[in-house]
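Protein chains in written order, with the numbering used here: chain S, 1 to 540; chain Z, 1 to 540.
For the record, the hints were derived by calculation from the structure and aren't laboratory data. Small disclaimer: the values here were computed from a predicted structure and weren't measured. No residue lacks a Cβ here, since even glycine has one placed at the ideal position from N, Cα and C. Please note that the accuracy of each hint is not assured.
Said to hold, decoys possible - Residues on chain S that point at chain Z, a partial pick, calculated with CB under 8 Å:
#, residue
1, Asp61
2, Leu287
3, Leu515
Number of protein chains: 2
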Amino acid sequence: MSAATRARRLDESARITVLEAGGFVSFANCGLPYHIAGRIKDESALLVTTPKRIADRFNIDVRTQTRAVRIDRSTRTVHAVHAGEEQVFAYDVAVIATGAAAIVPAIAGATAPNVLTLRSMEDTRRMQELLGRGGVRRVVVVGGGFIGLEMAEALTDRKLDVTLIEKNGQVLPPLDAEMAALVELELRAHGVNVVTGTGLGRLVGGAEGVTGVETEDGRLFPADLVLLSIGVRPNVELARGAGLMIGATGGIAVDGWQRTSDPAILAVGDATEVVNGVTRGFARVPLGGPANRQGRVAGTVAGGGAVPGDSQPVAGTVMGTAIVQVFSLSAGLTGLTEKAAVAAGIAHETAVITASHHASYYPGAHPLRVKLVYEPGSGKLLGAQVAGRDGVDKRLDVLATVLHFGGTVEDLARLDLAYAPQFGSAKDPLHMAAFVAENQLAGVVKTVRVIPPEALPLDVRSAAEFAGGSLPGAINIPLEELRRRASELPRDRAVVTFCQIGQRGYVAYRILHQLGFTRLANLEGGYVVAASVPLGAGAH
Amino acid sequence: MSAATRARRLDESARITVLEAGGFVSFANCGLPYHIAGRIKDESALLVTTPKRIADRFNIDVRTQTRAVRIDRSTRTVHAVHAGEEQVFAYDVAVIATGAAAIVPAIAGATAPNVLTLRSMEDTRRMQELLGRGGVRRVVVVGGGFIGLEMAEALTDRKLDVTLIEKNGQVLPPLDAEMAALVELELRAHGVNVVTGTGLGRLVGGAEGVTGVETEDGRLFPADLVLLSIGVRPNVELARGAGLMIGATGGIAVDGWQRTSDPAILAVGDATEVVNGVTRGFARVPLGGPANRQGRVAGTVAGGGAVPGDSQPVAGTVMGTAIVQVFSLSAGLTGLTEKAAVAAGIAHETAVITASHHASYYPGAHPLRVKLVYEPGSGKLLGAQVAGRDGVDKRLDVLATVLHFGGTVEDLARLDLAYAPQFGSAKDPLHMAAFVAENQLAGVVKTVRVIPPEALPLDVRSAAEFAGGSLPGAINIPLEELRRRASELPRDRAVVTFCQIGQRGYVAYRILHQLGFTRLANLEGGYVVAASVPLGAGAH
Chain S
1 MSAATRARRL DESARITVLE AGGFVSFANC GLPYHIAGRI KDESALLVTT
51 PKRIADRFNI DVRTQTRAVR IDRSTRTVHA VHAGEEQVFA YDVAVIATGA
101 AAIVPAIAGA TAPNVLTLRS MEDTRRMQEL LGRGGVRRVV VVGGGFIGLE
151 MAEALTDRKL DVTLIEKNGQ VLPPLDAEMA ALVELELRAH GVNVVTGTGL
201 GRLVGGAEGV TGVETEDGRL FPADLVLLSI GVRPNVELAR GAGLMIGATG
251 GIAVDGWQRT SDPAILAVGD ATEVVNGVTR GFARVPLGGP ANRQGRVAGT
301 VAGGGAVPGD SQPVAGTVMG TAIVQVFSLS AGLTGLTEKA AVAAGIAHET
351 AVITASHHAS YYPGAHPLRV KLVYEPGSGK LLGAQVAGRD GVDKRLDVLA
401 TVLHFGGTVE DLARLDLAYA PQFGSAKDPL HMAAFVAENQ LAGVVKTVRV
451 IPPEALPLDV RSAAEFAGGS LPGAINIPLE ELRRRASELP RDRAVVTFCQ
501 IGQRGYVAYR ILHQLGFTRL ANLEGGYVVA ASVPLGAGAH
Chain Z
1 MSAATRARRL DESARITVLE AGGFVSFANC GLPYHIAGRI KDESALLVTT
51 PKRIADRFNI DVRTQTRAVR IDRSTRTVHA VHAGEEQVFA YDVAVIATGA
101 AAIVPAIAGA TAPNVLTLRS MEDTRRMQEL LGRGGVRRVV VVGGGFIGLE
151 MAEALTDRKL DVTLIEKNGQ VLPPLDAEMA ALVELELRAH GVNVVTGTGL
201 GRLVGGAEGV TGVETEDGRL FPADLVLLSI GVRPNVELAR GAGLMIGATG
251 GIAVDGWQRT SDPAILAVGD ATEVVNGVTR GFARVPLGGP ANRQGRVAGT
301 VAGGGAVPGD SQPVAGTVMG TAIVQVFSLS AGLTGLTEKA AVAAGIAHET
351 AVITASHHAS YYPGAHPLRV KLVYEPGSGK LLGAQVAGRD GVDKRLDVLA
401 TVLHFGGTVE DLARLDLAYA PQFGSAKDPL HMAAFVAENQ LAGVVKTVRV
451 IPPEALPLDV RSAAEFAGGS LPGAINIPLE ELRRRASELP RDRAVVTFCQ
501 IGQRGYVAYR ILHQLGFTRL ANLEGGYVVA ASVPLGAGAH
């Protein structure tokens with residue numbers, strides 16, 4: 001619809017037709033979990049606009065329940081099926097926006113009436129109907145990605161017993177483990193039974209309805225309802241059938257102006273592949289933001305707007321910026337994670353901090369964890385992750401903007417951000433994270449992510465904090481006593497300083513470094529990361 | 001304190017002394033209004049740290065109640081006064097962080113006990129004492145800048161009758177009028193008596209206490225308490241006395257590493273001048289963010305960190321990014337406003353939009369107004385303003401980041417921002433604003449800010465919206481009827497399309513433009529801006 005309405009605004013005389021296989025256009029996909037949760041009460045709120053309104057305002061002919069099945073490029077026609085009858089539409093420009101479909105594994109029970117996916121209005125109605133009928137008490141959600149997590153929350157909101165099964169060793173696989181750990185803690189704190197490290201083995205029960213999910217490791221989880229949220233695959237059949245080029249990623253290949261290998265056919269959204277803004281390689285990123293921007297670009301081309309040849313993607317390169325809220329915690333990423341950098345063989349360094357999301361003296365401050373992934377030497381930002389209760393979206397957006405410009409951690413440290421105590425700090429968490437990275441780059445501090453077995457863990461928190469729990473083998477010298485008690489430390493053994501979040505550990509590192517300790521490091525992220533403690537638990 | 005602690009982290013052996021004329025270090029200036037309001041209950045929460053803690057952690061000698069009165073550069077000594085006695089401190093490096101002082105006009109009554117400023121902990125205690133004593137019912141706040149507005153809210157929270165007097169024709173003078181208008185509406189909605197366009201004439205009453213404020217235009221406003229918040233002046237006496245260079249802006253001149261004209265003396269914060277990141281000229285921006293970053297840079301220099309010669313400011317150029325919350329509304333700016341561009345003679349264009357701060361279908365969406373100021377031709381962003389209930393800080397930070405990189409409205413349109421319905425929209429308000437600017441640059445739409453007297457205002461909202469109030473002389477053709485009723489419009493007269501916020505007006509513009517209407521424009525920002533309607537009032 002973005003493409004169609006943009007084309008209309010540019011070209012009043014064009015005949016514009018939209019073919020939609022389902023019953024709805026411009027519905028709010030991302031709102032579906034919140035409708036299930038009961039937060040968006042009225043289904044009609046999910047219908048951002050209607051075919052009638054589009055006809056009235058934009059003079060666009062919207063054909064719902066009309067599935068495009070074939071594009072004949074030689075005659076420039078799209079062949080569609082409506083109510084069992086073939087319809088043919090001639091085009092000068094065609095735009096493919098077929099999206100992606102939820103993956104359903106080809107196993108017994110997968111098509112049972114109580115095994116669902118959540119992708120369309122129709123899916124949503126099916127689930128509402130099942131839940132409304134009563135008798136559903138136990139739900140198994142298969143897949144701990146964005147939709148899986150949102151649905152685990154939504155179904156918990158509906159007072160159901162929820163088990164979440166994720167094949168990877170962590171929920172939210174796109175994130176690094178220590179960031180995702182916070183999400184898992186949040187899920188558990190709200191009663192979700194989180195099962196990681198094992199995938200869907202089989203669905204137990206018959207075609208009339210499954211009664212449980214057996215994981216690959218043989219555990220059985222009874223279920224009155226199963227939601228499959230194990231990912232999506234791009235709907236490229238129409239494009240492939242027309243002989244258009246499909247990229248190695250499996251998405252439709254497009255140029256910077258969303259043109260396929262046939263320039264009279266454009267493609268946008270989840271069915272296409274995009275250019276990753278960090279690696280400059282192709283990727284599939286099935287998210288609403290890029291899709292909407294791509295639609296507008298396709299509308300510009302279709303509407304006769306200037307096309308100055310191929311170039312960088314006009315809709316923007318994609319950073320894979322994404323965010324999810326799970327109960328009171330939000331978490332997200334932009335650009336490369338550490339694991340993505342490792343997988344791609346990209347040299348990288350990381351900086352992890354915890355800081356209040358706004359001035360700590362102003363009521364309602366909550367801790368925020370920020371992780372930067374950056375290029376050694378240059379300090380160029382490669383990606384970032386943020387988790388916390390509030391202010392996560394803001395930091396992600398700033399970080400995505402720095403990535404857009406190919407900026408460095410030095411740029412990040414110098415940003416002139418808006419400060420008032422209810423919104424941030426004079427030194428924002430982003431500044432703090434950048435300062436850590438700058439110190440690492442300048443050799444002012446050396447950090448480690450894991451304490452090596454031979455090293456002495458030195459806990460510089462207070463005696464009371466130490467008594468409340470510390471890392472294995474740690475000794476305690478509070479920061480305030482370190483200058484006079486440094487002689488208690490061995491000179492022939494590596495020492496790793498740590499505190500709650502890394503800040504006092506850093507000061508301790510600097511003291512010891514200048515006192516001549518050479519085998520020294522500070523533990524990145526501090527105790528809360530190493531011990532995987534919930535963010536709220538006293539991150540001072 | 002940022003400079004002192006950073007210096008310590010880099011240099012364990014230095015002797016570091018901090019001289020503080022008042023009784024407190026590292027207190028939360030920006031939190032003072034919220035302490036008065038009662039939101040920050042405990043005064044101790046405002047003390048971010050204490051001299052004792054600084055001594056324990058950082059081995060820094062903090063001398064409160066010790067006023068530096070003279071720097072003798074020939075002997076490298078700072079002369080200070082404590083309890084009436086002179087003390088002398090030798091230095092290798094001195095850092096001047098004398099800040100700024102509230103301006104108090106030299107008029108009768110200005111030093112009366114119930115005429116206050118709010119800048120220090122001591123000021124705060126004085127006000128708390130006066131308010132706690134009882135008998136204060138009517139307060140006049142003189143000055144409608146950031147502190148004046150925060151205090152107008154704080155004193156209203158304390159159930160006082162508040163009059164706010166601002167000499168300029170609008171509150172929040174740093175902002176453009178149509179953005180500040182929203183703030184004024186919010187103040188009035190909460191019972192603040194806003195008086196603009198006339199300044200402080202005289203204070204009525206004797207030295208033992210004033211009883212009212214007379215404005216320049218002769219109106220009398222009774223007052224039991226008067227707060228002066230008419231700006232600050234940099235405390236440069238110490239620097240001037242030492243013969244250091246003072247810039248044309250009145251702030252201490254420093255290089256990129258915060259060094260004054262004597263490289264052994266650094267200066268930071270409100271007492272200094274900064275480089276404006278947009279104009280590259282010098283400016284004074286007395287805000288906490290830049291001051292903290294400058295402090296850290298000075299600490300790096302003082303602590304022996306590398307100084308590779310002059311360069312761009314290491315603490316970052318300053319965009320003047322600022323935000324203020326007034327009751328339920330927040331407003332702020334970064335970079336140049338339209339009025340600043342006009343004053344500086346900088347060619348510019350503007351784009352104004354209103355859009356939901358997050359997906360409109362998700363509960364709790366509120367309208368956000370975004371105004372971009374950009375360079376014609378190149379589309380380079382020069383500045384921006386944002387106002388709304390929620391999400392203002394996020395958009396300002398993204399815009400400040402775009403400014404940092406010298407980015408364009410095209411960059412803004414392509415940012416891959418984090419989207420989930422509770423945080424934003426697939427097309428964020430920032431994208432929408434950038435799209436408008438792109439359309440202006442491409443000649444897709446022509447906008448006007450004011451309807452010329454000879455033009456016909458064409459209201460394309462619904463008949464019901466039109467009936468609820470429209471602009472003088474406007475006729476109504478709802479967008480949905482425009483294609484078939486275009487013949488009703490005169491061809492020999494300019495037509496200005498408008499709707500509630502500008503979006504339907506833009507579609508109408510496109511229809512009429514393609515139907516051959518040549519004397520045509522769309523009203524920027526729509527009815528809500530032109531009629532100065534509160535943001536909440538149906539911005540669809």
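Should the hint that S:Asp61 touches chain Z count as held when the rule is a Cβ pair under 8 Å? For S:Asp61, the interface hint is violated, since the closest Cβ of chain Z sits about 14 Å away, which is over 8 Å.
Status of the S:Leu287 interface restraint (C-beta, 8 Å, chain Z): This hint holds: S:Leu287 lies near chain Z, its Cβ roughly 7 Å from the closest one there, short of 8 Å.
Evaluation of the interface hint that places S:Leu515 against chain Z, nearest CB under 8 Å: 7 Å, holds
The structure fails to meet hint 1 from the earlier list, while all remaining hints are met.
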